Amino acid sequence: MSVCISRSEDALARHLIELTQAGLPLVNDPWAWLAEQLHLSVEATLDLLKRLQAEGAIRRIAAVPNHYRLGYRHNGMTVWDVRDTDMPRLGALIGAQPFVSHCYRRPRQTAWRYNLFAMVHGRSSDEINHYREYLRQLLGDACVADEMLVSSRILKKTGVRLPQAPR
Amino acid sequence: MDLDLLSRQLMDRFQHEMPLCAEPYKTMAAALGCDEAHVLTCLHAMDQAGTLSRVGAVFDHRRAGASTLAAFAVPATRLHQVAERVSQYPEVNHNYAREHFYNLWFVVTGPDRPHIQRVLNELEKDTGLTPLDLPMLTAYRIDLGFSLGETP
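Chains as they are written, first to last, in our numbering: chain H, 1 to 167; chain G, 1001 to 1152.
Note that these hints are calculated values from the structure, not bench results.
All values reported here derive from a predicted model rather than from experimental measurement.
Do not rely on the hints blindly, as some may be mistaken.
As the list claims (entries may be wrong) - Facing chain G, according to a computed beta carbon distance under 7 angstroms, are these residues of chain H, among others: (1) LEU26; (2) ASN28; (3) ARG60; (4) HIS74; (5) VAL150; (6) SER151.
Said to hold, decoys possible - Over 10 angstroms on every C-beta distance to chain G, these chain H residues come out as not near it, computed from the model: (7) HIS15; (8) ASP29; (9) LEU40; (10) ALA44; (11) PRO65; (12) ARG69; (13) ASP81; (14) VAL144.
Stated by the list, open to error - With a Cα cut of at most 20 angstroms, we get these calculated EDC-like pairs of lysine to aspartate or glutamate: (15) H:LYS50 / H:GLU9; (16) H:LYS156 / G:GLU1099; (17) H:LYS157 / G:GLU1099; (18) G:LYS1026 / H:GLU43; (19) H:LYS157 / G:GLU1091; (20) G:LYS1026 / H:ASP29; (21) H:LYS157 / G:ASP1060; (22) H:LYS50 / G:GLU1084; (23) G:LYS1026 / G:ASP1012; (24) H:LYS157 / G:ASP1143; (25) H:LYS157 / G:GLU1084; (26) H:LYS156 / G:ASP1143; (27) G:LYS1125 / G:GLU1091; (28) H:LYS50 / G:GLU1017; (29) H:LYS156 / G:ASP1133.
For every residue, glycine included, the Cβ atom is placed at its ideal position computed from N, Cα and C.
Just chain H, same shape as in the assembly (with noise of 0.2 angstroms):
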């Protein structure tokens, strides 16, 4: 039997939320706990997720390090003004360095002239400014400014998490 007939797509892809935002045990083989849990065969559990996955509910299904516990507390919020033109394709290029985390596009407003935001990480200051020096030359002629706003405190800093949901 499908469980997808006696339960709508939405309410499993919720329940698989609810059961895996934490993190799955580590057993040898999580998916079959997974497949438990749901009362879905293995094979039905990956197709799930899979199916997830490519409609971009899920980013991606990984082992996900705590990397200010593995040592990386310095993290700097780099900003550039990049010329407008050329965004498409230096953006493209900051993303993929891998010490950038996340990278976007954001609107330029009249006191903040930046518009491109990289994320990069690192064990020390040095490490950090060292990465902004390397963006700094990717980016060239095209940026006409730049800023580096390193974090003095988290104050909060939470998964965004779904409340539980009665079902």
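With chain H fixed as given, assemble chain G onto it according to the hints.
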């Protein structure tokens, strides 16, 4: 803290993607040239040490909703108070003090743009400060982790 070789290899290789197949740790072990038991022992040790956030799916809860990066320029004497006020919102999941004229940076997430606007308006009214409102226009990279390897 220094990573031992296996945990570094595990993270560098599988922080972006792990195998979607039965007994994934066996496949991961084969890729790294070690045993499944080594991989699990290593992950357990990292879990204990707090260096493993989790093994599993990273969901994009924002996909169907809206979010923005916002910032305030807060007078130093009020930073703590304003930061507390901002963090109170369940819509705020990241809130960082940064060394800049705009010294408080936070992400507001909600079901739609009007919801985000209401939060920003409330905060402006409460604090007397005008937020920078910088919604994402294009994503070139979205939190896929970053390399633990050598620097360029």
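These are the hints, each one checked on the structure:
{"no.": "1", "hint": "LEU26", "verdict": "holds, 5 angstroms"}
{"no.": "2", "hint": "ASN28", "verdict": "holds, 6 angstroms"}
{"no.": "3", "hint": "ARG60", "verdict": "holds, 5 angstroms"}
{"no.": "4", "hint": "HIS74", "verdict": "violated, 12 angstroms"}
{"no.": "5", "hint": "VAL150", "verdict": "holds, 6 angstroms"}
{"no.": "6", "hint": "SER151", "verdict": "holds, 5 angstroms"}
{"no.": "7", "hint": "HIS15", "verdict": "holds, 13 angstroms"}
{"no.": "8", "hint": "ASP29", "verdict": "violated, 5 angstroms"}
{"no.": "9", "hint": "LEU40", "verdict": "holds, 14 angstroms"}
{"no.": "10", "hint": "ALA44", "verdict": "holds, 13 angstroms"}
{"no.": "11", "hint": "PRO65", "verdict": "violated, 5 angstroms"}
{"no.": "12", "hint": "ARG69", "verdict": "violated, 5 angstroms"}
{"no.": "13", "hint": "ASP81", "verdict": "holds, 13 angstroms"}
{"no.": "14", "hint": "VAL144", "verdict": "holds, 18 angstroms"}
{"no.": "15", "hint": "H:LYS50 / H:GLU9", "verdict": "holds, 13 angstroms"}
{"no.": "16", "hint": "H:LYS156 / G:GLU1099", "verdict": "holds, 16 angstroms"}
{"no.": "17", "hint": "H:LYS157 / G:GLU1099", "verdict": "holds, 18 angstroms"}
{"no.": "18", "hint": "G:LYS1026 / H:GLU43", "verdict": "holds, 17 angstroms"}
{"no.": "19", "hint": "H:LYS157 / G:GLU1091", "verdict": "holds, 12 angstroms"}
{"no.": "20", "hint": "G:LYS1026 / H:ASP29", "verdict": "holds, 9 angstroms"}
{"no.": "21", "hint": "H:LYS157 / G:ASP1060", "verdict": "holds, 16 angstroms"}
{"no.": "22", "hint": "H:LYS50 / G:GLU1084", "verdict": "violated, 40 angstroms"}
{"no.": "23", "hint": "G:LYS1026 / G:ASP1012", "verdict": "holds, 17 angstroms"}
{"no.": "24", "hint": "H:LYS157 / G:ASP1143", "verdict": "holds, 14 angstroms"}
{"no.": "25", "hint": "H:LYS157 / G:GLU1084", "verdict": "holds, 13 angstroms"}
{"no.": "26", "hint": "H:LYS156 / G:ASP1143", "verdict": "holds, 17 angstroms"}
{"no.": "27", "hint": "G:LYS1125 / G:GLU1091", "verdict": "holds, 17 angstroms"}
{"no.": "28", "hint": "H:LYS50 / G:GLU1017", "verdict": "holds, 12 angstroms"}
{"no.": "29", "hint": "H:LYS156 / G:ASP1133", "verdict": "holds, 19 angstroms"}
Violated hints for the displayed structure, listed by number in ascending order: 4, 8, 11, 12, 22.
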